[in-house]
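Can you join these two chains into the complex? Each is in its own frame, and there are hints to help.
The primary structure of each chain is shown beneath.
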Amino acid sequence: MTAQPATAAVPELDLDPFSDEFLTTPYPAHEQMRETGPVFRLERYGVWGVARYDEVSRVLAAHETFVSSRGVGISDFAKEKPWRPPSLLLEADPPHHTKARHVVTQIMTPKLLRSLKDGFQQRADELIARVASRGGEIDGVADLAEAYPLEVFPDFIGLPKDGRENLLPYGSMVFNTFGPRNSHFERALERGAKAQGWIMEQCRPGAPAPDGLGAKIHAAAADAGYSAEDQAKLLRSFLSAGVDTTVHGIGNALQCLADNPEQFAALRKDPSLARAAFEETVRYSSPVQTFFRTTSKDTELSGVPLPEGSKVLMFLAAANRDPRRWENPERFDIRRKAAGHVGFGFGVHACLGQMLARLEGECFLSALARNVAGIELAGEPVQQLNNTLRGLDSLPLRLTAA
Amino acid sequence: MPKVTFIQPDGMQTVLEADTGTSVMRTAAANGVPGIVAECGGSAMCATCHVYVEDAYLDGLPEVSEVEDEMLDCTASARCANSRLSCQLNIESDIAVRIPEAQV
Ligand code: HEM
Numbered sequence: 001m002t003a004q005p006a007t008a009a010v011p012e013l014d015l016d017p018f019s020d021e022f023l024t025t026p027y028p029a030h031e032q033m034r035e036t037g038p039v040f041r042l043e044r045y046g047v048w049g050v051a052r053y054d055e056v057s058r059v060l061a062a063h064e065t066f067v068s069s070r071g072v073g074i075s076d077f078a079k080e081k082p083w084r085p086p087s088l089l090l091e092a093d094p095p096h097h098t099k100a101r102h103v104v105t106q107i108m109t110p111k112l113l114r115s116l117k118d119g120f121q122q123r124a125d126e127l128i129a130r131v132a133s134r135g136g137e138i139d140g141v142a143d144l145a146e147a148y149p150l151e152v153f154p155d156f157i158g159l160p161k162d163g164r165e166n167l168l169p170y171g172s173m174v175f176n177t178f179g180p181r182n183s184h185f186e187r188a189l190e191r192g193a194k195a196q197g198w199i200m201e202q203c204r205p206g207a208p209a210p211d212g213l214g215a216k217i218h219a220a221a222a223d224a225g226y227s228a229e230d231q232a233k234l235l236r237s238f239l240s241a242g243v244d245t246t247v248h249g250i251g252n253a254l255q256c257l258a259d260n261p262e263q264f265a266a267l268r269k270d271p272s273l274a275r276a277a278f279e280e281t282v283r284y285s286s287p288v289q290t291f292f293r294t295t296s297k298d299t300e301l302s303g304v305p306l307p308e309g310s311k312v313l314m315f316l317a318a319a320n321r322d323p324r325r326w327e328n329p330e331r332f333d334i335r336r337k338a339a340g341h342v343g344f345g346f347g348v349h350a351c352l353g354q355m356l357a358r359l360e361g362e363c364f365l366s367a368l369a370r371n372v373a374g375i376e377l378a379g380e381p382v383q384q385l386n387n388t389l390r391g392l393d394s395l396p397l398r399l400t401a402a
Numbered sequence: 001m002p003k004v005t006f007i008q009p010d011g012m013q014t015v016l017e018a019d020t021g022t023s024v025m026r027t028a029a030a031n032g033v034p035g036i037v038a039e040c041g042g043s044a045m046c047a048t049c050h051v052y053v054e055d056a057y058l059d060g061l062p063e064v065s066e067v068e069d070e071m072l073d074c075t076a077s078a079r080c081a082n083s084r085l086s087c088q089l090n091i092e093s094d095i096a097v098r099i100p101e102a103q104v
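Quick mapping for you: the protein sequence lines, in order, are chains A and B.
Residues in the first sequence are numbered consecutively from 1, following UniProt numbering.
Residues in the second sequence are numbered consecutively from 1, following UniProt numbering.
Note that these hints are calculated values from the structure, not bench results.
This one's a predicted model, so the numbers in the text were calculated from it and none came from an experiment.
Where hints are given, some of them may not hold.
Pairs of lysine to aspartate or glutamate, EDC-like flavour, derived with a Cα cap of 20 Å [stated by the list, open to error]: (1) A:K99 with B:E66; (2) A:K79 with A:D93; (3) A:K194 with A:D162; (4) A:K269 with A:E376; (5) A:K161 with A:E190; (6) B:K3 with B:D59; (7) A:K269 with A:D259; (8) A:K111 with B:D73; (9) A:K117 with A:D270; (10) A:K111 with A:E126; (11) A:K111 with A:D211; (12) A:K99 with B:E68; (13) A:K297 with A:D93; (14) A:K269 with B:E70; (15) A:K297 with A:D155; (16) A:K337 with A:E12; (17) A:K81 with A:E229; (18) A:K117 with A:D93; (19) A:K269 with B:D69; (20) A:K194 with A:D211; (21) A:K81 with A:E151; (22) A:K337 with A:D223; (23) A:K81 with A:E186; (24) A:K99 with A:E186; (25) A:K111 with B:D55; (26) A:K117 with A:E262; (27) A:K111 with B:E70; (28) A:K99 with B:E63; (29) A:K99 with B:E70; (30) A:K117 with B:D73; (31) B:K3 with B:D55; (32) A:K117 with A:E151; (33) A:K111 with B:D59; (34) A:K99 with B:D59; (35) A:K337 with A:D322; (36) A:K269 with A:D223.
A short, non-exhaustive set of chain B residues, derived as facing chain A with CB atoms under 7 Å [unchecked claim]: (37) E39; (38) G41; (39) S43; (40) A47.
Note that beta-carbon positions come from the ideal geometry of N, C-alpha and C, so glycine has one too.
Chain B on its own, in the form it takes in the complex (with noise of 0.2 Å):
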C-alpha cells in the first residue's frame, strides 16, 4: 500500500496507508488528519483542501484542469507553484504534502 506522508504547519508528522486509488483528502478525512477541512466533500468547488506537495513527488501527478486551477486562485493560504487541491489527487505511489496556516 502507498504511504501518505501528512506534514502540519509545526512540522508535525502523520504517515498513514492508503488504498491505490483513493484520493489524498480522503485518506486524511478517514483518518482524522487536521487540516484538511473538504467542506464539499470532493467536487472542486471549496478550495478547502488545499495542500503543498513536497517537492520529491511533484512528478507524475496528474495535471492541474482548469477547474482546479481556479479553486487554487481561491485558497485562503497563499498559492505557490506545488500547490494541489487534494482531493484531485489520487494516490497511485507515496506522496507527502504540507498542509497549509489556513483552509478558510
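The shape of chain A in the complex, shown without the other chains (with noise of 0.2 Å):
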C-alpha cells in the first residue's frame, strides 16, 4: 500500500451517482472516481467514496471502523430514524450480526443448496425449452429473467402462490430507499407500500409453508432465543434481498450473451462454463452497485482521514472494473477468473444469499446453453434505474431454438 500524505487535499467530485444519467450509463464516472484518487468526495451529498479494488475492499474488511449499524444508505440511523426497522442482518454489527448471520448460514449450507440443484434444473430446462420454441420476438426480462426466479425461489421460502407479484416492487423499493430521497426513492415507496403488507403477512412465523426455507428460519431463530417479531424481520430480508438481485443477475447475463456472440458460442460448446458466466456477469455488470458504510470512529484511508460519522459508498461495480486488479476489465470473459470480484460484497456482510444466487445463474445459463442455439437483440434494451441496483425493464430478443 502506497500510503498518501496525510495532507494531500482531497479530490473533490460534483457527480450525483444516484442522477438518471449516472444510472443508465456509470462507467465513464467509475473510471473517473477510480483515476481522481483513492478516496474522494462527492460534494453534493457531503459523502466520501471509494471506487478502487484495494480501497472497497478494504473497506468491506474493516468492519469495526466502517460500521453497518448506521444503515448501509446514505442516512445515517444515528441522526435519522429509519423509514423501517433496521434489518438483523445487513444493518447490524457484530455481536448481533454474527448471531443473525448464523441462524441463516446453518440452514443454507452449500449441502442443502447441492440437494436443489436437479430440481432447479430441471425447471430451468423447462421454462427455455418452452419459450425458445415458441419462436418470434420475446422479452428476455419478463419471459425468462423475471420468469425463472419468481417461479423457483418462492417455492423455495414456502411463500402462496397468490401474490407473488409483490416480490419485485418490495425488493425494488427496499434497494432505491438506500439513495437519497430523489423521484426514484420516492416512487419506489409509492409502488411499494402495497407490496409492503403482503410481505409481512408472509414474513410472520406459521405463514410459510412447513416444509420451506422460510419455515426453518422461523424454527432456527426460534431456537436461538429470537421473538416473532425477530424471526418474521430474518425472514424479511430474503424477500427483499433474494429476487431483483437475481432476476437483474440473469437479464445482465442475458444481455451481455447477446451482445458478445463468440462467449455465447464458447459457452454453448461447453456447457459446464455456465457457473462461471454467470459469475462473470456478477463482476462486469453488478446487479448492486453500490453499499455505504459509516464510520464509527476517526481514522483513515489510505492517507485521507476522515472524521467519525462519514459516510463512505463503496462502488462495488467500479471495483469489479479496477485494470489495476483486472486485466482488460471491459471486456466480458466467461472464461477468466472471476473469482474475488466484490459483486457479492467481502468479509462479515458477504452476500448470503450468494451460492443460491450462484445455483439459479448455473442452472438457468447451462439450460439456455442447451436448449438455445441463437440469442440476438431484437431491439433496444431498457435500462431500469434504481439507486443501487443495475438491471433492465425490458430486452427484446430473438431466440434460436436448439
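Printed below as a string of C-alpha cells:
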C-alpha cells in the first residue's frame, strides 16, 4: 500500500451517482472516480467515495471501523430514523449480526443447496425450452429473467402462489431507499407501500409452508431465542434481497451473451461454463452497484483522514472493473477467473444468498446453452433505474431453438 | 517470508513464499495453484477451498470457528480430522497442505 501524505488534498467531485444520467451509463463516471484518487468527496451529498478494488475491499473488511448498523444507505441511522425497522443482518454489527447470521448459515449450507440442484435445473430447462420453441420476439426480462427466479425462489421459501407479484416491487423499493430522497426513492415508496403489507404477512412465523426455507429460518431463530417479531425480520431479509438481485443477474447475463456472440458460442460448446458465465456477469454487470458504510470513529483510509460519522460510498461495480486488479476489465469473458470480485460484497456481510444466486444463475445459463442455438437483440434494451441496483426493464430478443 | 507447500492429489508439490497474514487460499489464488476453487472469495460460504493440513503443521493453527465447522461438513471430498478451509488459515509460519480430489 502506498500511503499518501495525510495533507494531500482530497479530490472533490460534482458527480451525482443517483442521477438518471449516471445510473443509465455509470462506467465513464466509475473510471473518473477510480482515477481521481483512492478516496474522494462527493460534494453534493457531503459523503466520501471509494471506487478502486483495493480501497473497496479494505472498507468491506474493516467492519469495526466502517460499520453497517448506522445504515448501508446514505441516511445515518444515528441522526435519522430509518423508514423501516433495521435489518438484523444487513444493518447490524457484530456481535448481534454474528448471531443472526449464524441462524441463516446453519440452514443455507452448501449441502442444502446441492440438494436443490436437480429440481432447479429441470425447471430451468422446461422454461427455456418452452420460451425458445415459441419463436418470434420475446422479452428476455419478463419471459425469462423474471420468470425463472419468480418460479423457483418463492417455492423454495414456501410462499403461497397468490401475491408473488408483490416480491419485485418490494425488493425494488428496499434497494431504492438506500439512495437519497430523489424521484426513484419517492416513486418506489409509493409503489412498494402496497407490496409491504403482503410481504409482512408472509414473514410472520406460521405463514410460510412448513417444509420450506422460511419455516426453517423461523424455527432456527426461535431456537436461538429470537422473538416472533425478530423471526419475521430475519425472513424479511430474504424477501428483500433474494429476488430483484437474481432477476437482474440473469437479465444482465442474457444481455451480455446477446452482445457477445463469441461468448455465447463458447457457452454453447461447453455448458459447464454456465457457473463461470454467471460469475463473470456479476463482476462485469454487477446487479448491486453500491453500498454505504459509516465510520464509527476518527480514522484514515489511504492517507485520507475520515472523521467519526463519515458516510463512505463503496462503488462495488467500479471495483469490479478496476484495471489495477483485472486484466481487460471492460471485456466480458466467461473463461476468466472472476472469483474475488466484490459483486457479492466481502467479509462479515458477504451476501448470504450468494450460493443460491449462483445455483439459479448456473441452472439458467446451462439450460440456455443446451436449449438455445442463437440469441440476438431484437430492439433496444431498456434500463431499469434504481438507486442501488443495475438491471433491465426489458430486453427484446430473438431466440433460435436448439 | 513463510513458505506454503501445496500437495496435489497426484503428489505434485508447489512451494510458494507468502506474505505473513495473508490466507493460504489467497496465496493459492494469486499464484494459480489448481484445486482451490474459493468461489465465495474468502467469506466462509462455499466450502470450495478445502485442504488437508499436513500433520507436522497442525499445532498452532487458529481454532475452527462454528461457521467453518459447519462448512467443513459440506465439503465435496470427505472431511478428516485435519480438514480446514484455506480461506480461514492466515499464514504465520511455514505450512503444508494437501489438496483434495474434488471441491464441487
Ligand atoms: C446476483 C444476486 C445477488 C447479488 C449481486 C447480491 C449482492 C449482495 C451484496 C453486495 C451484499 C453485501 C451487503 C453489504 O456488504 O452491506 C449482500 C448481502 C446480503 N444478501 Fe445478497 N445478493 C444477491 C442475491 C441474494 C439472494 C438470492 C439472497 C437470499 C436468498 C440474498 C440475501 C442477502 C442477505 C440476507 C444479505 C445480508 C448479509 C449480511 O449483512 O450479513 N442475496 N448481497
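Inset, instruction - Would you check the hint for A:K297 and A:D155, treating anything up to 20 Å between C-alpha atoms as holding? - result: violated, 44 Å
Legend entry - Distance restraint between A:K99 and B:E70, which requires alpha-carbon spacing of 20 Å or less: holds, 14 Å
Inset, instruction - Given the hint that A:K117 pairs with A:D270, test it: the Cα-Cα distance must not exceed 20 Å. - result: holds, 19 Å
Legend entry - Agreement of A:K269 and B:E70 with the hint, judged by alpha carbon distance not exceeding 20 Å: violated, 37 Å
Legend entry - Straight-line alpha-carbon gap A:K269 to A:D223, limit 20 Å: violated, 48 Å
Legend entry - Straight-line alpha-carbon gap A:K111 to A:E126, limit 20 Å: Violated, at roughly 24 Å.
Legend entry - 20 Å limit on alpha-carbon distance, applied to hinted pair A:K117 and A:D93: The hint is violated at about 33 Å.
Legend entry - Hinted pair A:K81 and A:E151, Cα distance within 20 Å: Violated, because 35 Å separates the two Cα atoms, which is more than 20 Å.
Legend entry - 20 Å limit on alpha-carbon distance, applied to hinted pair A:K337 and A:D322: Holds, because 15 Å separates the two Cα atoms, which is no more than 20 Å.
Inset, instruction - Below or equal to 20 Å on CA atoms is what counts here, so check A:K269 against B:D69. - result: It is violated: about 38 Å lies between the C-alpha atoms, which goes past 20 Å.
Legend entry - Satisfaction of hint between B:E66 and A:K99, Cα-Cα up to 20 Å: Satisfied, since the Cα-Cα distance of roughly 11 Å is no more than 20 Å.
Inset, instruction - Verify the proposed pairing of A:K99 with B:E63, using a straight-line Cα cut of 20 Å. - result: Holds. A:K99 to B:E63 sits at ~18 Å (cutoff 20 Å).
In summary, the structure is inconsistent with hints 5, 10, 14, 15, 16, 18, 19, 20, 21, 22, 24, 25, 26, 33, 34 and 36 from the numbered list given earlier, while agreeing with the others.
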